[in-house]
Amino acid sequence: MEKIVVNLAYLLAASLFILGLKGLSHPRTAVRGNLLGALGMLIAVVVTLLDKRIVDFSVILAGLVVGALIGVVLALKVEMTAMPQLVAIFNGLGGGASALVAGAALYETKNPDYLFTTASVASGIIGSVTFFGSGVAFAKLQGLIKERPIRYTGEQVVKALFALIALALGTYLVLNPQNLELYWIIAGVASILGILLTIAIGGADMPVVIALLNSYSGLAAAATGFVLQNNALIISGSLVGASGIILTNLMCKAMNRSLLNVLFGGFGEVATADQDDIYAGKVKATSPEEVALLLEGARRVVIVPGYGMAVAQAQHAVRDLYNLLESKGVEVEFGIHPVAGRMPGHMNVLLAEVDIPYEKMKELEEINPTFEQTDVVIVIGANDVVNPLAQTDPKSPIAGMPVLEVWKAKTVIVIKRSLSPGFAGIPNPLFAMDNTLMLFADAKKAVQEIVSALKEG
Amino acid sequence: MEDFVMYFTIFVLSMFVGFEVITKVPPTLHTPLMSGSNAISGITIVGAIISAGSGHSILTTILGFLALVFATVNVVGGFLVTHRMLEMFRGKD
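As they're listed, the protein sequences go chains A and B. Note that this note's numbering gives residue 383 to position 383 of the first sequence, counting from 1, and the numbers run on in steps of one. Note that this note's numbering gives residue 30 to position 30 of the second sequence, counting from 1, and the numbers run on in steps of one.
Isolated chain A, as found in the complex (with noise of 0.2 Å):
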């Protein structure tokens, strides 16, 4: 009976998961969502609690205790622009979580059968990479490590050496439950695979690793439910492993990329030397003064931003430019690039902490046909996203990929600080172009400048 009031309680709070995440299919109605998502989980917890195995709660509450005391400030100090990172840690965590847990119950089970030992050995597996995966992701978005690929030859060989050892050893263990202890080597080797596999990606290709990583962690909790047998982890788990994959493929569509060519590719380091050929004479510098009469003159304004604009903390001095120009009567709309910034929607919540509304980000397929009534479109800090090459060059890396046609616009007004590629490490046509006109300056500079020299002018 008791099992069964408990079984009925974790369909409930999965039934709240399920509810949570399609709320979150409008701004609107997400804070609700999110909300019963959180009721779900204190649902599931509350009913765990009430286990008759359980003992001893003194464990249980510190562990309830730090954990959430840690969450806590986590969740309230983060700033904005380190919303990657903070993903990153989380996803960690949970898959974490889920390969210890996991471990725990294979010393906790007597004779257990083939199911049990697969799912424990996958979640083992899986939990580790995302452990130490995620590690690796934080450290390159906290500017702890390089953020540029590291790549050695005969790097495919390696990885693939590791993820063999993993299952060979996970296979033998399934057939030898008795030998405990090599679940933890297994955890090792997988520990090393997650290491080796997220070193070798690059700070834009963040947004499809973290992606990535978001799905195993809803996969290591759904092995965790079958070695559990409970049907809240495996619901949950595939919920959030589909909302990985669904992620991920995203990104690589907006890269026109693979998955494997993301994870195994990667673009080449070697700068092309044809970059002073389209450069040469043609590049116009500007003034943030020269910027500010030109907005003057404008109806309508497109701002794209970057990963640049998170750098360089700028969402502020954007909203102060937006601010400026809705008072003069300027319509102003934000192009945003799927994969601008390190995570998925990263430049819309930057945007959104500066209270732009939700209605003025646009999507690519959205504002790309606008850029021809465009009189202004000012980029700041993003390269590869507004490259033409991607449109008329077949051979370069980034052919095929979506990218914004911001040269349509009447003119284009691009905050950079040099003339250096971006991540893709291909010069960009568009600096070039007879409608750009290039800003040299840090983002939030050389924005707060154009305010100023507004409110002047």
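Careful, some of the hints might be misleading.
[Stated by the list, open to error] In silico lysine-lysine, DSS-like type, Cα no more than 30 Å apart, as pairs:
1) B:24 x A:253
2) A:360 x B:24
3) A:77 x A:146
Rather than coming from a laboratory, the hints here were simulated on the basis of the structure.
Based on these hints, arrange chain B on the given structure of chain A.
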């Protein structure tokens, strides 16, 4: 084996539900989607609670405690930071 098929059925069907629900989330909310769904994957907390409290052995208690801390950070931090972000999107009206 019968059990496995049942759990696997639930797994596959939930994946379909996940695909249906998540494709409707607009790109502007993709970051809160990641942090929010991530908090949901912290459901592994229920397994951690049992391991930490069942007093099976010192080893499993330690493993359970560690897992519980990880999962609680994930759950509490995840839902909270998602809430913070979504409040920003809701705007001031």
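Proposed proximity, residue 146 (chain A) with residue 77 (chain A) (alpha carbon, max 30 Å): holds, 25 Å
Hinted pair residue 360 (chain A) and residue 24 (chain B), Cα distance within 30 Å: holds, 19 Å
Distance restraint between residue 24 (chain B) and residue 253 (chain A), which requires alpha-carbon spacing of 30 Å or less: Distance of about 17 Å is within 30 Å: holds.
Violation of the numbered hints given earlier is absent; every hint is satisfied by the structure.
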